[in-house]
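Visitor: Line order of the protein sequences matches chains A and B. The numbering of the first sequence is this note's numbering, which starts it at 25 and goes up by one. The numbering of the second sequence is this note's numbering, which starts it at 3 and goes up by one.
Take these hints with a grain of salt, some might be off.
When the alpha-carbon atoms are kept at most 30 Å apart in a straight line, the in silico BS3-like pairs for lysine-lysine are as follows [to be verified]:
| no. | chain 1 | residue 1 | chain 2 | residue 2 |
| --- | --- | --- | --- | --- |
| 1 | B | 152 | A | 508 |
| 2 | B | 20 | A | 262 |
| 3 | A | 82 | B | 20 |
Heads up, incomplete: computed chain A residues facing chain B, CB under 10 Å, no partners named [claimed, not checked]:
| no. | residue |
| --- | --- |
| 4 | 232 |
| 5 | 345 |
| 6 | 346 |
Hints were generated in silico from the structure; no laboratory data involved. Predicted model, so just to flag it, every value in this text is computed and none were measured. We put the CB at the ideal spot given by N, CA and C, even for glycine.
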Amino acid sequence: MNLDDLADLAEQYRAIDANVEREVRVCMAASCQSSGAAPVLDALVAGLGDSKPSCKVKGVGCMGLCSAGPLVSIADREASLEESTIYRDVTADDAADIIASLDGPPVERLRCPTDQPFFARQQKIVLENAGIIDPDSFKGYVAVGGYSALIRALSEMTPADVLREVTDSGLRGRGGGGYPTGLKWSTVAKMPATQKYVICNADEGDPGAFMDRAILESDPHRVLEGMAIAAYAIGANKAYVYVRAEYPLAVERLQTAIRKAKRSGFLGNKIGDTQFSLEVEIRLGAGAFVCGEETALMASIEGLRGQPRPRPPYPAESGLWGHPTLINNVETFANIAPIVREGGNWFASIGTERSKGTKVFALAGTITNTGLIEVPMGTSLRDIIEVIGGGIPGGKAFKAVQTGGPSGGCIPAQHLDIAVDYDSLKTLGTMMGSGGMIVMDETSSMVDVARYFMEFCMTESCGKCIPCRTGTQQMHSILDRLAKAQATRAELALLEELCEVVQATSLCGLGQTAPNPVLSTMRYFRDEYEAKLGDA
Amino acid sequence: MSLQQAKPPLPSDDKRWKLVNATMRRNGYADHALIETLHSVQDAFGFLDEGSLRFVAASLDLPLSKVYGVATFYHLFTLKPKGRHACVVCTGTACYIKGAGGLVERLQERFDINPGETTEDDRLSLLTARCVGACGLAPAIVIDGDVLGKLDSETLIAKLEELT
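Can you build the whole structure from these sequences, using the hints too?
Guide: This is the structure we're talking about:
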């Protein structure tokens, strides 16, 4: 198969709905479903019946503004989210009004303006299909140009060409570490082994982060396409997606996508009639945060306790069952198809000097617009929180934003103007992490937040290395006494010392970064710690 | 030369064991299918008891200690039976900021159980989760698999009291 054949196929699939002019899109991602999107979809389908063949109701993925769900958008075929009319907080009772409005003016009482910064200020690459295509439809993905990057790679590019584009793009791992993706791929590609593996890390364990979930629920084929391109570039024929069992909907959509892609010859044997084959299998996590660490994740795929091992050797040399293995995060793979399609230089033109492209963030906590956004790297925190996120509700003052989950830290108001990228966040004592941003207002106690994260790390510590196993316990007990205003100044000093020791001596990222929430809150909110001292 | 061990007989004629066996067969009884198999036991029976751990160990030709080690390592696996209903309170960061801790405390008081425990009449299990990914609905609660959001403790308790 070449690109012309694929274009013909896409044309065929588009012709199926040739008479459809307008689409009624209902968000069927997890958050909107929890607010009651399924009855809305049913009511719209039943209400529309066969009365208007030029209109079609379809379930789509995440539109982003989760706090206003269930969301419904009315759009011309292939129109983007910003070009559509969006309705918020829709119930099944609103279906009749929405259907009646298809020929006339929109239903003003439900309207959610699309010219507001939340929609207007985003730039979508990873989420370009989210909220537009039906995630369960293979044909829908191909119709919008899906799998063209894979076919292009297989029919017109050598593995080295693909590696060059990915390297040129400057893409860095979106799971949190920010390791250059092109370099990682090249290392695995250079290994002489005949058996290699590709793993997609979808064990999104950071509390407050739901980007990967939304990507898998909204556009699963996009992730599979990225994985297939990676497998071709490094010479692997077997891939795993390691997904949290807590995400049943994402697992279901991924299973459907794998089945359909395989049936149509885009996965499995001899993809696109070439010599390249790839089997993709799903492995379910079982609720262990540490399995987001790559060596622990591989242990879990092998059916073992998810405990990390020392690196080196890195997975690129000796990974799954001792074979060279490429592990990337969901969002990283979701960036691959556009890079191959548009070229590495195009991607490198977006973002900052050392962080290219866009980043998907999950906004949560005390913020008006809770949900998912995608902005170019380098967007300022103030823009993200006050403009796109709509600021703090209820007239309260902003206190801090927490990024990077239990491995990250809190950023106070005086640093809101920083341009967000991997390096700038690091200088502030936090990290990009996978992209969760939890906004806290003046009522949040920072000591309490630090205790919360330490409790998290303490329970999630796998117990293999002593600094993490006992260090997190000791730190937690001091933080607990601090929160109850019982700790002494000597204990506070001990806490700081423990932070250093645990950071320096733990085996894996979980322990090494566990002190970060404490250190960053101490750095910016030391007065709160002082005020909590029992002997003050 | 490898000797193919005879597979142990099903622990009982309960049809659900066939589902478990199907999972192991699909994975060629490979030892790395252990977690998948435990998932399928828990999906079928609700929890992992000693009998099922022994059966899985014998079927996959693994030491019982290893099976037990894996079953107790992962939070999702439970070795105790759950109540007829399960209420999971999400304690992810967003939910915590929005008062999930207080919700748990109120439920503890009202039903006299700690997270991870079941009421004496087996009616309700109280559980906590590390982020169910529904941060837009914080604080999020999962009752018998349905995610509910933005509940205050009074509404939540009223909902739970309606369950039979």
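Visitor: With reference to the structure, classify each hint as holding or not holding.
Guide: Taking the hints in turn, this is what the structure says about them:
no., hint, in the structure
1, 152(B) - 508(A), "holds (28 Å)"
2, 20(B) - 262(A), "holds (28 Å)"
3, 82(A) - 20(B), "violated (37 Å)"
4, 232, "holds (4 Å)"
5, 345, "holds (8 Å)"
6, 346, "violated (13 Å)"
In summary, the numbered hints that this structure violates are 3, 6.
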